[in-house]
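Asker: Taken in order, these protein sequences are the chains called A and B. Using the UniProt record's numbering, the first residue of the first sequence is number 1, and each one after it goes up by one. Using the UniProt record's numbering, the first residue of the second sequence is number 1, and each one after it goes up by one.
Take these hints with a grain of salt, some might be off.
One copy or two, it doesn't matter: identical chains are merged, so the pair holds either way.
[As the list claims (entries may be wrong)] Simulated crosslink set (EDC-like; lysine to aspartate or glutamate; CA at most 20 Å straight-line):
| no. | residue 1 | residue 2 |
| --- | --- | --- |
| 1 | K75 | E62 |
| 2 | K22 | E326 |
| 3 | K22 | E12 |
| 4 | K424 | D373 |
| 5 | K75 | D347 |
| 6 | K75 | E56 |
| 7 | K9 | E165 |
| 8 | K100 | E27 |
| 9 | K80 | D44 |
| 10 | K100 | E11 |
| 11 | K4 | D301 |
Keep in mind that the hints were calculated from the coordinates and are not lab data. Quantities reported herein were computed from a predicted structural model and do not represent experimental measurements.
2 protein chains.
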Amino acid sequence: MTEKSTESKVEEAQTAALELAKYSNDERSRAIRSIADAIDARRDEIIAANATDVEEAERLLEAGEYSRALVDRLKLSPSKLESITDMVRSVAGQDDPLGKTQTARRLDDDLELYKQTVPIGVIGTIFESRPDALVQIAALALKSGNAVILKGGSEASESNRVLFEIIREATSEAPAGWAQLVEARADVDALLEMDDSIDLVMPRGSSAFVSYIQDNTSIPVLGHTEGVCHVYVDSEADLEMATEIAYDAKVQYPAVCNAVETLLVHEEVAEAFLPATIDRYAEAGVELRGDDASRTIVDIDAATEEDWATEYGDLILSITVVDSLEAALSHVNAYGSKHTESIVTEDSDRAATFMRSLDSASVFHNASTRFSDGYRFGLGAEVGISTGKIHARGPVGLEGLTTYQYYLEGDGQVVGTYAGADAKEFVHEDFDGSWTPGSRSR
Amino acid sequence: MTEKSTESKVEEAQTAALELAKYSNDERSRAIRSIADAIDARRDEIIAANATDVEEAERLLEAGEYSRALVDRLKLSPSKLESITDMVRSVAGQDDPLGKTQTARRLDDDLELYKQTVPIGVIGTIFESRPDALVQIAALALKSGNAVILKGGSEASESNRVLFEIIREATSEAPAGWAQLVEARADVDALLEMDDSIDLVMPRGSSAFVSYIQDNTSIPVLGHTEGVCHVYVDSEADLEMATEIAYDAKVQYPAVCNAVETLLVHEEVAEAFLPATIDRYAEAGVELRGDDASRTIVDIDAATEEDWATEYGDLILSITVVDSLEAALSHVNAYGSKHTESIVTEDSDRAATFMRSLDSASVFHNASTRFSDGYRFGLGAEVGISTGKIHARGPVGLEGLTTYQYYLEGDGQVVGTYAGADAKEFVHEDFDGSWTPGSRSR
């Protein structure tokens, strides 16, 4: 079999996308469940292919080219496969994101406008080494009726090939070509050029990688770059609560984008708050870096200008003491990445000022920044987190993989009737009611 | 006064945007009405400045560098100014697009998540010669709480300067710098580079111009490129209705993007439909170009391959006879621009197939493509029409100038409680209710 070109794969995906848009939720969900069943049935085959990838990765680890963390992420065990199939089945069981009537409006008698959710079309995804990412992305794309181009990391190529083949065979009732695997690095550049046929690009990986994608395509990009999140302990804070939130936001899982990187403390409570909090952090081995004002109170290293803008992704935290709520807001606006910020205060007016003054995707009051997550927000499976402001921001669920279409049902109306001197007036009256194409509401 | 740099103007706009986001609908609407009042009061000044632009344009018209149409678009009369202030006041009177609670969800006791509409931030706009565009864009931006960078055409520079100064002075209660005027062509390139500070670019102008912007920035672009719209007359069509719709869709206003460019006719009705329809078109002076099958029925010029993909924007129409609904769909998918398509048929199943098979922003049944418009759709003032599929598509109202923020109100919750072996379960229960930051719903 000769390998198809990236162009012909994307063309196949475009054709499949138009077909897939017509599939019912039952049909899409059944196909997704078939994927889970096939993964269960072919577990040994997957683990054997994965072993080849892991072996090569171990070799490169010894040669100093790979990290232990990368090798660990790559490895598939029977229990990991079970959690993958659980996830796939949970995607199948979610509410249908398609065909939701967002607006039903009577423009005039027998002239009805419907705004309804539809798939985006063809989604290009580029992701890191975890082979489970391929399965998750494919399930989310299928549930939302989108065709998908999958480009995984070369270190997982054997695993990805087997998983893709299983997905392809298991979804034989879905339109042929709805999922496509591309493998070469050069294919990424080809994909990024195809702004006529790919509707959205979703990169998963480091901030630098996502920025590279954004800078090299005119296709809209849904992804997240940095998470420089803040917790601000206000003068009116419940200090015990503040310590718990500050601790959880850093320590509970420091490697993720919604972990706090800078703690801001109002000067009126700094002396009461910092020593006990610093003790808690010390227990967890958090490395602390403070400004001058904080270092007059606690004995920690000095922070540099660079610290304020850094996403550590690790057990490191910078601390600054501010003389007002306004100073805290200025700091967050100057250094933040518009991801997630939290204020701890008992004063609802001050909370309101904080929440309305910040331009971040998620702004919290008396809660840990770590809640900023699709699962915790109740969005079901998470497509990703967006640090952009257009289309979808913050944690993104299946809804982020949809757009809408306007349908108009008439009985011969022409615009001429509604123009000129004797123009008929529009009614423009919204009404409740779902709708399927071809049928009138009444 | 020394002219500020484009960078410092955008920086001012960023600061203003954060302030403006906190303004109430009343405050924003009052500022918009002040713009209308100031335009009324300073009419002579505006017309004098405009006369300078028009004089220069007439000179360039004589030199063959400008078209008569451009000079006409440029000219401001007292009655044109009146329609401008009417439009501005109608924007002020629209429903507030901000602060709408899209989701209110209880994650757990005393842990409530709100998803609420907010402004996008800083919007860069680049528009053609009409000076009324500047006023309309400024009013829409202010109503939706966005700061705006205005770059008009050089041919309207005197008019734009006076109008901008009037807007600036009239909105002295809005945050200083919320609107910024940039004038030089080089400033556009500077704007397109500023993806850290400009959140959205809205170009208005030719398809080629919008494509140029898309290709030269990593800022998200909201605009429309081509409108190659179709009317398909099905075998089951009411042929009188079909003639009226086909006529209206081309003739009522041929220069706009929602006018039909290609008429598709099912072969079973072609002989009954085409001759009478062609006679109607002939009355209006429409130039017709057909494929071989249509030319065996009516005496019209031959269409070339290029015709099928052309947005004429004029009294020109291409015609093709197809042997099936599927052939019509293939043609639209191959040559259309995903703007607006209409089927004329009495068969609701065939209508449903047409509507569900096309990936266009607007798909109509028994109605003219010319209805694809923000005013007719009841969206109020139209920001523009989007041919993209991300964020907003089709006619875009004020809603297209908003995004959303997640607010979480807790009383000290940390993620650690909901993780690990003894993890507490989330409630994830949606409830009705609007909300303002800092207040609990109950």
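Asker: The structure should be examined with respect to each hint, and the outcome stated for every one.
Answerer: Comparing the hints with the structure gives:
Taking the shortest Cα distances, K75 and E62 sit within 20 Å of each other inside one copy (16 Å), while across copies they are farther apart (74 Å). Only between protomers do K22 and E326 lie at most 20 Å apart by alpha-carbon distance; the minimum there is 14 Å, versus 52 Å within a single protomer. In the homo-oligomer, the alpha carbons of K22 and E12 lie at most 20 Å apart inside one protomer (16 Å), although the nearest pairing across protomers, at 48 Å, exceeds that limit. For the identical chains of this complex, K424 and D373 are inter-copy neighbours only, at 16 Å across copies versus 50 Å inside a copy, given an alpha-carbon limit of 20 Å.
Taking the closest pair of Cα atoms, K75 and D347 never come within 20 Å of each other, the shortest separation being 49 Å inside a single copy and 55 Å across copies. In this assembly of identical chains, the alpha carbons of K75 and E56 lie at most 20 Å apart only when taken from the same copy (12 Å versus 71 Å across copies). In this assembly of identical chains, K9 and E165 lie within 20 Å of each other by CA distance solely inside one copy; the values are 15 Å within and 54 Å between copies. In this assembly of identical chains, K100 and E27 lie within 20 Å of each other by CA distance solely inside one copy; the values are 17 Å within and 35 Å between copies.
Proximity of K80 to D44 under the C-alpha cut-off of 20 Å is restricted to the intra-copy arrangement: shortest distance 13 Å within a copy versus 75 Å between copies. Within a single copy, K100 and E11 get their C-alpha atoms no closer than 28 Å, and across copies no closer than 40 Å, so neither meets the 20 Å cut-off. Within a single copy, K4 and D301 get their C-alpha atoms no closer than 57 Å, and across copies no closer than 41 Å, so neither meets the 20 Å cut-off.
In this structure, the hints that do not hold are numbers 5, 10 and 11, in rising order.
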